[in-house]
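J.: Okay, here's what each chain looks like letter by letter:
There are 2 protein chains.
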Amino acid sequence: MVFLAGGHPDTSIFGEETLREMASAVVGDGAAALQYGSTDGTGVMRETVAEVMTAEGTPVGAEHVAVTSGAQQGLDLAGRAFLEEGDLVLIESPTYHGALQAFSSYGPRVMTAPVDRRGLDVEAVREILSHERRAGYRAKFIYVVPTFQNPTGATMALERRRELLEIAREHDALILEDNPYGLLRYEGDAVPTLAALEMRERGGPERVVYLGSFSKVFAPGVRLGWIHAHPEILGAMRAARKGADLGPSVLSQTVTAAYFASGEWKTYLGRLGRRYRKRRDAVLGALGEFMPEGVSWTSPSGGFFVWVTLPQGIDAAGMLPEATERGVAYVPGADFYPGGWGGTEGRNALRLSFSFAEPRLARRGVEILAGLVREKMGDNETGPPACGCGSDVCSCAPGYSCTEAVVGVVAC
Amino acid sequence: MVFLAGGHPDTSIFGEETLREMASAVVGDGAAALQYGSTDGTGVMRETVAEVMTAEGTPVGAEHVAVTSGAQQGLDLAGRAFLEEGDLVLIESPTYHGALQAFSSYGPRVMTAPVDRRGLDVEAVREILSHERRAGYRAKFIYVVPTFQNPTGATMALERRRELLEIAREHDALILEDNPYGLLRYEGDAVPTLAALEMRERGGPERVVYLGSFSKVFAPGVRLGWIHAHPEILGAMRAARKGADLGPSVLSQTVTAAYFASGEWKTYLGRLGRRYRKRRDAVLGALGEFMPEGVSWTSPSGGFFVWVTLPQGIDAAGMLPEATERGVAYVPGADFYPGGWGGTEGRNALRLSFSFAEPRLARRGVEILAGLVREKMGDNETGPPACGCGSDVCSCAPGYSCTEAVVGVVAC
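Protein sequence lines, in the order shown, are assigned to chains A and B.
The letter at position 400 of the first sequence is residue 400 when you use UniProt numbering, and the numbering goes up by one with no holes.
The letter at position 124 of the second sequence is residue 124 when you use UniProt numbering, and the numbering goes up by one with no holes.
What the hints contain is simulated information worked out from the structure, not anything from laboratory work.
There may be inaccurate statements among the hints.
Unchecked claim - Residues on chain A that point at chain B, a partial pick, calculated with CB under 8 Å:
id : residue
1  : V26
2  : G30
3  : G70
4  : T112
5  : G243
6  : A317
Keep in mind that this is a model prediction, so the values were computed, not measured.
The beta carbon of each residue, even a glycine, is placed where N, CA and C say it ideally should be.
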């Protein structure tokens with residue numbers, strides 16, 4: 001099976017020597033590593049978080065940090081702390097389905113704004129929020145994965161980030177910045193995080209709630225993430241956490257903090273980046289080589305994901321059983337919209353994750369998938385074909401013109 | 001500081017050799033230990049849970065088990081899955097304050113039934129539920145720590161357990177059996193768990209939702225607990241968990257499962273039991289030696305806790321700053337009642353945890369505490385003194401008779 005589905009990092013890159021060093025932290029710090037810890041995380045772990053954020057150009061203090069049981073818990077705590085039934089939340093379309101799941105427990109009214117090649121369409125955000133304000137409603141928060149977005153791989157442009165901060169201030173909304181992939185850039189210059197931009201402008205965290213994760217830059221098995229926010233927001237989330245758990249695994253924190261203290265992580269991240277870059281190139285190359293005309297895809301500069309748009313009328317969810325039978329797994333596009341598999345959005349799209357499969361295998365996976373798509377296109381009397389898009393320019397078959405606006409619905 | 005406050009196990013007993021063996025599991029199983037795992041826990045971990053429950057006389061199958069991020073998450077998931085605002089929940093009085101916190105997030109109506117030396121007063125439970133039924137209400141669940149209860153140390157008698165199962169069936173309520181201490185018995189015969197009794201009677205889990213924990217029998221730092229329940233209940237809790245997290249630390253599970261697989265845990269539990277027994281005896285001995293007449297306490301056969309009742313009028317929460325200043329920490333009794341420190345219940349009670357402090361230190365701590373209580377009694381024009389209770393018999397000062405009914409309010 002060529003696994004192009006889940007956002008699994010490659011953890012095989014840790015050598016036995018590294019694992020031995022990590023494990024020795026448990027021996028050295030045994031009684032403490034096995035004991036209860038603080039709900040907000042150990043002091044050493046919060047310092048580690050500050051170091052990692054600083055490395056991405058977001059210098060922060062450990063006092064603004066709380067460690068969570070994975071970034072997923074951060075999403076849940078945001079919902080728990082800020083959402084009442086019927087509250088307005090604005091999300092990207094498409095977006096990370098785990099966020100949809102986390103928020104939906106709290107019964108909010110979810111509105112969506114499209115993502116295009118330059119990230120969240122902030123003009124659409126402004127329009128939606130202004131319209132809602134006239135109707136007497138205010139969004140509690142805007143949820144965004146601005147860098148190497150899940151699922152499109154798109155990165156939000158700097159001027160859009162600035163504008164989003166302004167819009168959030170105008171409308172008194174929080175911004176939930178979910179940034180698990182920011183340190184995994186394979187080319188080009190880093191774009192500052194929303195948290196960094198706000199801190200530069202305002203001198204400290206204000207309305208950006210930053211969610212970080214150790215799953216992609218280190219290891220998902222430790223189930224560690226974090227929240228960076230203004231003390232009042234952190235306090236509200238701490239109150240919401242009360243009774244939910246007694247904090248993240250201290251054993252995980254001990255091992256993780258020891259690994260980062262060794263300094264080895266920067267070298268590791270470099271190796272990881274080179275490896276993922278090759279895998280991305282293999283997937284993009286294979287898409288160009290094997291996919292029929294009428295199929296388009298994104299070209300991310302980092303992260304894990306490529307978003308593939310098939311000609312309209314092809315149902316990616318419906319095609320999945322056949323694909324897995326032939327040995328390739330992906331996630332259907334509908335997963336990343338509030339309507340899910342029952343909805344209409346994203347039906348002809350799918351997400352490929354290039355983080356886990358080796359280049360040769362990934363290439364073979366895309367080839368299999370392309371064969372299947374060709375068959376479906378033959379079966380299928382569809383409407384206009386989708387655009388053929390390179391990394392910047394989109395073009396259509398003769399006689400069509402291109403409606404490029406949203407990554408998920410590129411069509412001629 | 002003599003720490004008689006939190007329910008901290010002694011994790012110093014693990015030798016370096018044992019720690020080294022545990023850590024080697026990470027090296028041996030590296031890539032998998034660092035990768036994402038199933039939300040319900042790894043297969044090996046669920047088998048480990050089945051082995052541990054079987055060792056306490058509750059033979060179960062791994063298919064009825066889900067691993068949680070500590071038993072605390074199990075409590076939260078029970079609230080999340082079963083409680084709507086205003087739903088009725090019946091709890092012990094006093095009870096574990098973490099459970100109060102977990103349930104209170106979901107806004108239930110909480111009713112309490114007293115705990116005495118033989119555990120939860122099931123006749124009181126029957127009366128409350130019948131009364132509620134006449135008013136048109138049904139309890140969603142009854143929350144109980146039947147063995148070495150937190151905070152009283154009381155163990156529910158076998159016939160009461162049988163009766164509670166019957167009452168729950170009659171009233172169509174679930175029973176949440178929270179059992180972190182069951183394997184830590186220092187004398188006497190084990191009483192079957194509610195889960196075991198139900199399975200014997202009905203052939204499988206039905207309405208008992210069993211919450212287990214690795215915090216007391218192994219290590220709180222791994223943050224691992226579990227739920228054992230009927231597949232439908234497990235399914236409802238799994239649905240409630242969706243979006244809340246992506247499962248417990250795989251690293252923690254790898255280390256824990258490897259430790260239990262070595263078989264060493266039974267020997268370890270024996271050593272732990274002998275150690276805790278000595279500490280319990282030191283605390284009980286010191287209470288008898290130093291406490292003035294009018295103070296009573298429980299004599300648990302296992303677990304971590306002794307519940308001390310001071311003469312009425314003495315405020316254990318108010319006394320705490322002075323106690324810590326003199327070098328001894330405990331938890332005020334009011335913490336274990338729904339009203340908390342603002343309420344009236346448990347004001348003259350406190351919980352001593354004997355798990356963490358060495359005998360000599362624990363003895364010194366109780367001596368300090370007794371001195372403080374003597375001073376307060378001198379300050380204080382109180383009503384009738386509390387009973388002086390041995391492990392089975394209570395007696396009063398001349399001229400008084402004893403109202404023994406409830407552990408928290410023993411008085412003359």
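J.: Given A:G70 was flagged as interface, is its beta-carbon under 8 Å from a beta-carbon of chain B?
T.: Holds, because the Cβ-Cβ distance from A:G70 to chain B comes to roughly 6 Å (cut-off 8 Å).
J.: So, A:T112 near chain B? Judge it on the closest CB pair being under 8 Å.
T.: violated (18 Å)
J.: Measuring from the C-beta of A:G243 to each C-beta in chain B, is the shortest one below 8 Å?
T.: holds (3 Å)
J.: Please check whether A:G30 passes as an interface residue: C-beta within 8 Å of a C-beta belonging to chain B.
T.: holds (4 Å)
J.: Given a cut of 8 Å on the nearest C-beta pair, is the interface hint for A:V26 held or broken against chain B?
T.: Constraint on A:V26 satisfied, holds at 4 Å.
J.: Is the interface hint for A:A317 satisfied, with its Cβ closer than 8 Å to some Cβ of chain B?
T.: Given a least distance of 19 Å, the restraint on A:A317 is violated.
Hints 4 and 6, counting from the list given before, are not met by this structure.
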